[in-house]
Amino acid sequence: MSDLRDLYQEVIFDHNRHPRNFGPLIDANRHADGFNPLCGDRLTLNLRVQDGVIQDVRFEGSGCAISTASASLMTEALKGKTEAEAAVLFEGFHHMVMGEKTTVELGKLAVLAGVSEFPARVKCASLAWHTLNAALKNESDPVSTE
Amino acid sequence: MFDVQALRNAFPILKREVHGRPLVYLDNAATSQKPRSVIEAECHYYEVLNANIHRGVHTLSQEATDAFEGARDKVRDFLNARRREEIIFTRGATEAINLVAHSWGRSQLKPGDEILVSEMEHHANIVPWQMLCEATGAVLKVIPIDERGALAAGAVASLINPRTKLVGITQVSNALGTVNPVAEIIRLAHQVDAVVLLDGAQAVPHMAVDVTALDCDFYVFSGHKLYGPTGIGVLYGKRSLLEKMPPYQGGGDMISQVTFQKTTYNQLPYKFEAGTPHIAGVVGLGAAIDFVLSVGLEAIAAHEDRLLAYATQQAERFEGLKIIGTVPGKASILSFVLKGVHPHDIGTILDSEGVAIRTGHHCAMPVMDHYGVPATARASFALYNTAEEVDALFGALRRVEELFLK
Numbered sequence: 001m002s003d004l005r006d007l008y009q010e011v012i013f014d015h016n017r018h019p020r021n022f023g024p025l026i027d028a029n030r031h032a033d034g035f036n037p038l039c040g041d042r043l044t045l046n047l048r049v050q051d052g053v054i055q056d057v058r059f060e061g062s063g064c065a066i067s068t069a070s071a072s073l074m075t076e077a078l079k080g081k082t083e084a085e086a087a088v089l090f091e092g093f094h095h096m097v098m099g100e101k102t103t104v105e106l107g108k109l110a111v112l113a114g115v116s117e118f119p120a121r122v123k124c125a126s127l128a129w130h131t132l133n134a135a136l137k138n139e140s141d142p143v144s145t146e
Numbered sequence: 001m002f003d004v005q006a007l008r009n010a011f012p013i014l015k016r017e018v019h020g021r022p023l024v025y026l027d028n029a030a031t032s033q034k035p036r037s038v039i040e041a042e043c044h045y046y047e048v049l050n051a052n053i054h055r056g057v058h059t060l061s062q063e064a065t066d067a068f069e070g071a072r073d074k075v076r077d078f079l080n081a082r083r084r085e086e087i088i089f090t091r092g093a094t095e096a097i098n099l100v101a102h103s104w105g106r107s108q109l110k111p112g113d114e115i116l117v118s119e120m121e122h123h124a125n126i127v128p129w130q131m132l133c134e135a136t137g138a139v140l141k142v143i144p145i146d147e148r149g150a151l152a153a154g155a156v157a158s159l160i161n162p163r164t165k166l167v168g169i170t171q172v173s174n175a176l177g178t179v180n181p182v183a184e185i186i187r188l189a190h191q192v193d194a195v196v197l198l199d200g201a202q203a204v205p206h207m208a209v210d211v212t213a214l215d216c217d218f219y220v221f222s223g224h225k226l227y228g229p230t231g232i233g234v235l236y237g238k239r240s241l242l243e244k245m246p247p248y249q250g251g252g253d254m255i256s257q258v259t260f261q262k263t264t265y266n267q268l269p270y271k272f273e274a275g276t277p278h279i280a281g282v283v284g285l286g287a288a289i290d291f292v293l294s295v296g297l298e299a300i301a302a303h304e305d306r307l308l309a310y311a312t313q314q315a316e317r318f319e320g321l322k323i324i325g326t327v328p329g330k331a332s333i334l335s336f337v338l339k340g341v342h343p344h345d346i347g348t349i350l351d352s353e354g355v356a357i358r359t360g361h362h363c364a365m366p367v368m369d370h371y372g373v374p375a376t377a378r379a380s381f382a383l384y385n386t387a388e389e390v391d392a393l394f395g396a397l398r399r400v401e402e403l404f405l406k
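Chains as they are written, first to last, in our numbering: chain X, 1 to 146; chain F, 1 to 406.
Accuracy of the hints is not assured; some may be wrong.
Which chain F residues stay away from chain X? Per the calculated CB distances, all over 10 angstroms, these [stated by the list, open to error]:
{"id": "1", "residue": "Pro12"}
{"id": "2", "residue": "Glu40"}
{"id": "3", "residue": "His44"}
{"id": "4", "residue": "Val139"}
{"id": "5", "residue": "Pro144"}
{"id": "6", "residue": "Pro181"}
{"id": "7", "residue": "Glu184"}
{"id": "8", "residue": "Pro247"}
{"id": "9", "residue": "Gly250"}
{"id": "10", "residue": "Asp253"}
{"id": "11", "residue": "Thr264"}
{"id": "12", "residue": "Tyr310"}
{"id": "13", "residue": "Pro343"}
{"id": "14", "residue": "Ala392"}
For each label pair, taking beta carbons as the anchor points, the in silico distance ranges come out as [as the list claims (entries may be wrong)]:
{"id": "15", "chain 1": "X", "residue 1": "Asp27", "chain 2": "F", "residue 2": "Glu147", "range": "37 to 45 angstroms"}
{"id": "16", "chain 1": "X", "residue 1": "Asp3", "chain 2": "F", "residue 2": "Gly372", "range": "33 to 41 angstroms"}
{"id": "17", "chain 1": "X", "residue 1": "Gln55", "chain 2": "F", "residue 2": "Gly372", "range": "33 to 41 angstroms"}
So the derived list for chain X, only partly shown, Cβ under 7 angstroms to chain F, looks like this [said to hold, decoys possible]:
{"id": "18", "residue": "Leu4"}
{"id": "19", "residue": "Phe35"}
{"id": "20", "residue": "Cys39"}
{"id": "21", "residue": "Ser62"}
Hints were generated in silico from the structure; no laboratory data involved.
The C-beta atom is built at its ideal place from N, Cα and C for all residues, glycine as well.
Using the sequences and the hints, build the whole thing.
Here's what the structure looks like:
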């Protein structure tokens with residue numbers, strides 16, 4: 001196994017302890033719930049999208065350090081992005097946590113690259129992103145990582 | 001004399017390392033490891049006896065049938081059932097419950113009848129009854145649990161009524177370790193002519209079970225939690241009930257005569273064993289029962305009680321740790337949460353230290369809801385665990401503390 005420190009980097013602890021953009025979003029126009037039945041993580045994601053641009057995004061819920069930090073980092077990365085740019089990030093992030101090569105510029109999200117060495121935790125890191133996907137499509141059923 | 005080192009030597013897997021550390025296997029409530037005698041019994045079956053059973057006149061078929069039916073006799077003795085035909089082999093406890101829900105339930109229940117389960121049940125003892133209720137119009141009622149994880153005082157007596165047709169309850173909770181007062185529940189249920197199904201999946205590795213003395217109507221367990229193979233389990237049912245029940249699945253072995261006009265069914269227990277069964281698994285289960293009885297269930301329980309007491313003592317001293325399930329006389333399970341750390345993170349860090357525990361909802365989501373937690377960490381002990389392994393568990397928890405809380 002890789003060192004635990006590759007998985008639990010300081011940035012991840014920081015975002016777990018002090019999640020950014022955490023709480024309700026009053027004027028949201030996109031919404032989705034995510035659920036990881038394996039570990040019980042629950043996530044609610046709210047976005048305000050205008051003219052195809054993500055103006056604001058906030059999340060609520062409870063989960064492990066990896067899923068909380070991933071959601072927090074995701075909300076930071078998304079603000080000001082177009083829906084098309086968000087979709088590119090989603091794809092790049094997915095490749096990264098699966099241990100595959102990606103040409104997408106992921107910025108701070110790259111701290112989660114260590115997850116690829118811990119297959120049981122890939123779902124934790126991906127939950128927020130799958131929920132985002134559902135929210136942008138405005139699917140009404142809660143998404144599940146199963 | 002209980003010699004834990006000698007017992008450990010009987011389990012080949014306990015010699016392996018995980019991430020460069022000796023394996024500390026504390027996930028026994030999920031599945032136990034297998035002694036060499038069980039592995040060899042399965043191997044011997046395939047290398048020497050393999051043939052289909054109840055069919056051939058040739059030697060191998062006869063020997064395979066003898067091994068298979070010999071294991072049925074071992075299970076009968078193990079549970080102290082009155083008759084061998086009351087022992088039905090299934091894929092596991094889950095399939096055994098589904099068999100009862102489907103066959104007994106659909107032939108017996110009508111709208112308004114009640115099925116009573118407890119809040120601490122495994123999903124396997126909830127969902128089949130929910131499906132049955134949907135199919136028949138029966139109603140599912142739930143015995144609540146208290147803060148310690150015991151059935152709420154007086155709840156069973158107040159919930160059982162003349163509409164109650166079946167009580168499905170676990171003998172030992174997989175998420176909490178609680179041992180339920182099943183004899184009393186059976187007595188109350190029988191006063192209103194309700195039948196009782198006991199989920200013994202967690203109980204059989206820890207205590208002697210006597211279905212005749214208990215007077216339960218159905219009893220189910222899985223082989224793989226009893227040091228036996230996966231994919232094999234047992235349904236015990238009273239003969240009077242099993243005889244009235246229609247078959248669960250149709251196919252070979254469960255028939256007496258087949259024509260396109262009419263098929264008559266085989267006698268018990270074969271009526272409920274359609275198709276070629278998991279013969280090797282049954283033979284392995286027989287070897288597992290031999291193994292457990294050779295160690296002795298009383299000695300096993302005493303050893304596990306000592307480990308649980310030692311672990312509980314350390315847990316109570318561990319700052320920020322909260323034990324989930326605190327009923328006195330628990331069986332072999334220490335479920336807990338750690339303030340500020342999600343169980344899933346605990347599980348990953350412990351794994352890096354070679355310590356295997358379960359983290360999650362333990363297929364008992366209503367129990368998690370009761371305690372208001374998404375998940376717990378659970379260490380569960382078996383006959384081969386040691387006090388040193390308990391120390392390793394708490395040493396690894398110190399590492400969690402270092403990483404997360406310092």
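Checklist entry - Are all C-beta atoms of chain X more than 10 angstroms from that of F:Ala392? => result holds, 16 angstroms
Next on the checklist: At 10 angstroms, judged by beta carbons, does F:Pro343 keep clear of chain X as stated?
Outcome noted: violated, 7 angstroms
Checklist entry - Looking at F:Pro181 again, its CB stays over 10 angstroms from all of chain X? => result Given that every Cβ of chain X is farther than 10 angstroms from that of F:Pro181, nearest at about 30 angstroms, it holds.
Next on the checklist: For F:Asp253, is the shortest CB-to-CB distance to chain X above 10 angstroms, so the non-interface label stands?
Outcome noted: Holds, because the least Cβ-Cβ distance between F:Asp253 and chain X comes to about 35 angstroms, which exceeds 10 angstroms.
Item to check | Given as non-interface: F:Tyr310, partner chain X, CB spacing beyond 10 angstroms | outcome: Correct as stated: the minimum Cβ-Cβ distance to chain X is 27 angstroms, above 10 angstroms.
Checklist entry - Under the criterion of a CB-CB separation shorter than 7 angstroms, is X:Cys39 in contact with chain F as hinted? => result Check passed: Cβ of X:Cys39 comes within 4 angstroms of chain F, closer than 7 angstroms.
Item to check | Restraint check, 7 angstroms cut-off on beta carbons, for X:Phe35 near chain F | outcome: Violated: closest Cβ of chain F sits about 10 angstroms from X:Phe35, beyond 7 angstroms.
Checklist entry - Do the numbers back the hint for X:Ser62, that is, is its least Cβ distance to chain F under 7 angstroms? => result holds, 6 angstroms
Next on the checklist: Holds or violated: the 33 to 41 angstroms window for the beta-carbon distance between X:Gln55 and F:Gly372?
Outcome noted: The hint (33 to 41 angstroms, Cβ to Cβ) holds, given that X:Gln55 and F:Gly372 are roughly 34 angstroms apart.
Checklist entry - Against chain F, is X:Leu4 within 7 angstroms by beta-carbon distance? => result Nearest chain F Cβ about 5 angstroms off; hint holds.
Next on the checklist: The output says F:Pro144 does not contact chain X. Does that hold with a beta carbon cutoff of 10 angstroms?
Outcome noted: holds, 21 angstroms
Checklist entry - CB of X:Asp3 to CB of F:Gly372, is that within 33 to 41 angstroms? => result holds, 34 angstroms
This entry does not satisfy hints 13, 19, going by the numbered hints stated previously.
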